[in-house]
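Line order of the protein sequences matches chains Y and P. Using UniProt numbering, the letters of the first sequence map in sequence onto residues 1 to 362. Using UniProt numbering, the letters of the second sequence map in sequence onto residues 1 to 217.
Don't read these hints as lab results, they were simulated from the structure. Worth double-checking, as some hints may not be accurate.
[Unchecked claim] Distance windows between CB atoms, simulated:
| hint | chain 1 | residue 1 | chain 2 | residue 2 | range |
| --- | --- | --- | --- | --- | --- |
| 1 | Y | Phe32 | P | Gly84 | 52 to 60 Å |
| 2 | P | Glu48 | Y | Thr35 | 18 to 26 Å |
| 3 | P | Val193 | Y | Gly128 | 54 to 62 Å |
| 4 | Y | Gly128 | P | Val198 | 43 to 51 Å |
| 5 | P | Arg130 | Y | His216 | 30 to 38 Å |
[Claimed, not checked] Lysine-lysine pairs mimicking DSS-like chemistry, simulated, CA-CA at most 30 Å apart:
| hint | chain 1 | residue 1 | chain 2 | residue 2 |
| --- | --- | --- | --- | --- |
| 6 | Y | Lys29 | Y | Lys114 |
| 7 | P | Lys217 | Y | Lys340 |
| 8 | Y | Lys150 | Y | Lys206 |
| 9 | P | Lys217 | Y | Lys136 |
| 10 | Y | Lys152 | P | Lys217 |
| 11 | Y | Lys29 | Y | Lys136 |
| 12 | P | Lys217 | Y | Lys46 |
| 13 | P | Lys217 | Y | Lys125 |
[To be verified] These stretches of chain Y come out as covered by chain P in the derived footprint (C-beta under 8 Å, 3 or more residues):
| hint | segment |
| --- | --- |
| 14 | 123-132 |
| 15 | 188-196 |
Computed from a prediction, not measured in an experiment: that's the story for all the values here. Glycine included, each C-beta is placed from N, C-alpha and C at the ideal position.
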Amino acid sequence: MNSFVSTTAIEGQQQAVAAEEVVRLTDVKRRFGVTAALDGISLTVKRGEILGIIGRSGAGKSTLIRCLNGLERADSGEIFIEGRDITGLAEQELQPLRRRIGMIFQHFNLLSAKTVEENVALPLKIEGVSKNERLKRAHELLDLVGLADKAKAYPASLSGGQKQRVGIARALAARPALLLSDEATSALDPETTRSILALLKDINSKLGLTILLITHEMEVVRGIADRVAVIDAGRIVEEGQVWSVFADPQADITRSLLGGIRPQLPDHIARRLSTIAGTEAILSVDLAGPEAQGALFAELSAALPHSFRLVHGGIDHIQNQPVARFFIAIPTRDSGLAGKVEQFLTARSARVEVLGYDTDHV
Amino acid sequence: MTPIMFELLLRSLWETVLMTVASGVISLVAGLPLGLALVVTARGGIAENLSINRALGAVINGFRSVPFIILLVALIPLTRLIVGTALGTWAAIVPLAIAATPYYARIAEVSLREVDRGLIDAVRAMGGNRWTIIREVLVPEALPGIVAGFTVTLVTLIGASAMAGAIGAGGLGDLAIRYGYQRFETNVMIAVVAVLIVLVCGIQWLGDQLVAGLDHK
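Construct the entire structure; sequences and hints are all you get.
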């Protein structure tokens, strides 16, 4: 906390930068043998923001998050935490810095020989806080995560979700500026995942805590992140506001990661699509923002009656932004119709793509 | 059994318990740090140092490969230096402790090595140093295994102490050989074996109780 209390003008300037950016990475590289785990990563995380980093396993996410608190060392590049470059620091210099960074893990990593309250109090014990004080703080935090009655229990007697709540309480004990979440919900069932994400979101808004999370599940990003960065083969291939990346994914890897949670053309239709001809043209329609909320299809139907049939899709709301994805079928009897529909939709800033032609449907 | 035999049996039991407990405690105090040293200096350990690790391993293996009966004789000069005599119960404690220390170090090493790396990461991520990791993670998490291993060591020491009769250390093993075997006093042999069974079972039961109380996994 007091590492940024400074007297000189230069340090004052740094303080201003630090207040803005909690994390800044420039061209961070890390190799393991011949494979580049991180191949030039640059990114920033602003104070109070939740950044989701998503990628397949082996994409470099774990290495990246471990570089942020020095559990893993970068080969080159700069890693600024609250305005301070940590890449050159010795292990002993990193130790006090790590107390500014909380971390939660996929397998919770609670100490089985310690009770819940002792686990939560451990970061404070390391800091040298007196026993009474650290237990008081532990109880406050257990209250926050809804586990006040489990203070004296051992972790083995808790469910997965409860263990992660303890993990979160422990990560918050030393009042960190940044919380790192390493696949924190990957070992949990969907319902528990939602409750843990809700807790993280709540902590983010209540305490203004900056959160950087890595995951391979788009649901997690969708649930709580403000911004998303997609990592593949050690590089960031796509980055942006969650709703806009969901609405208009650019990289193939992003589309494939989104596969499970965006509407897809149903398989039985996709299988019989022809690229040449059929009785109906099948189009995908993507749009986001205010346009997606309007009476788009009602207007289309008024302008061009009987011009289309809804096949599949819907409107999702991400970060309070409507993100729509529909599949429509247009009869090919009237050869100009598909073109007119496309023109109408494109004029309302929708992205339209002709996927193929269906003949089977009557 | 005559009252004299009974008294002899009691005295021998006391000598066995003394040799076992004294050498056991020494092996615990010396073996646990050695086991820790093996784990922390190993590849990927928190104080990785492969040359120290190899040297330590070689010394431990060296002591462990010498048969106890040989060690007993080979250590006579050292025993004389420490205890002042090479004969008797106290003299036997020196070779027993020296044999049991590397044995226990290996047992402790196995338990310590099995501590989940994720726990070490978690404490490093909190800003803990190596001492914190040893104090808060390695030892407490491995404690059930450390205690169970100590139980095994004690039982092994009871067996080894029988051989210490060769240097006049007394004990139950010595009694069994001299009276039960050499004098064909079968009832002495049976009595000694019965006492040993009770002793071993008692130690094992105590160890198991302790482990059950410590294990929160």
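We went through each hint and held it up to the structure:
Between phenylalanine 32 of chain Y and glycine 84 of chain P the beta carbons are some 58 Å apart, a value that agrees with the proposed interval 52 to 60 Å. At about 22 Å, the beta-carbon gap between glutamate 48 of chain P and threonine 35 of chain Y stays in the expected band of 18 to 26 Å. For the pair valine 193 of chain P and glycine 128 of chain Y, the supplied restraint of 54 to 62 Å holds, since their beta-carbon distance comes to about 56 Å. The hinted window of 43 to 51 Å between glycine 128 of chain Y and valine 198 of chain P holds, with their beta carbons roughly 49 Å apart.
In this structure, arginine 130 of chain P and histidine 216 of chain Y meet the distance hint of 30 to 38 Å, their C-beta atoms being roughly 33 Å apart. Taken as a hint, the lysine 29 of chain Y and lysine 114 of chain Y pair is broken in the structure, with Cα atoms around 37 Å apart against an allowance of 30 Å. For the hint pairing lysine 217 of chain P with lysine 340 of chain Y, the CA-to-CA distance comes to about 67 Å; that exceeds 30 Å, so the pair is violated. Straight-line distance between C-alpha atoms of lysine 150 of chain Y and lysine 206 of chain Y comes to about 23 Å, which keeps the hinted pair within the 30 Å bound.
A threshold of 30 Å between alpha carbons decides the hint, and for lysine 217 of chain P with lysine 136 of chain Y the separation of about 26 Å falls inside it, so the pair holds. Taking the CA atoms of lysine 152 of chain Y and lysine 217 of chain P, the gap is near 15 Å; set against the 30 Å cutoff, the hint holds. Taken as a hint, the lysine 29 of chain Y and lysine 136 of chain Y pair is broken in the structure, with Cα atoms around 42 Å apart against an allowance of 30 Å. Pair hint lysine 217 of chain P plus lysine 46 of chain Y does not hold up; C-alpha atoms about 39 Å apart against a cutoff of 30 Å.
A distance of roughly 22 Å separates the Cα atoms of lysine 217 of chain P and lysine 125 of chain Y; the hinted pair therefore holds under the 30 Å criterion. Given as covered by chain P, the segment 123-132 of chain Y passes the check, having 4 residues with a CB less than 8 Å from a CB of that chain where 3 are the minimum. Residues of the segment 188-196 of chain Y with a Cβ under 8 Å from some Cβ of chain P number 0, which does not satisfy the need for three, so the listed coverage is violated.
In summary, the structure is inconsistent with hints 6, 7, 11, 12 and 15 from the numbered list given earlier, while agreeing with the others.
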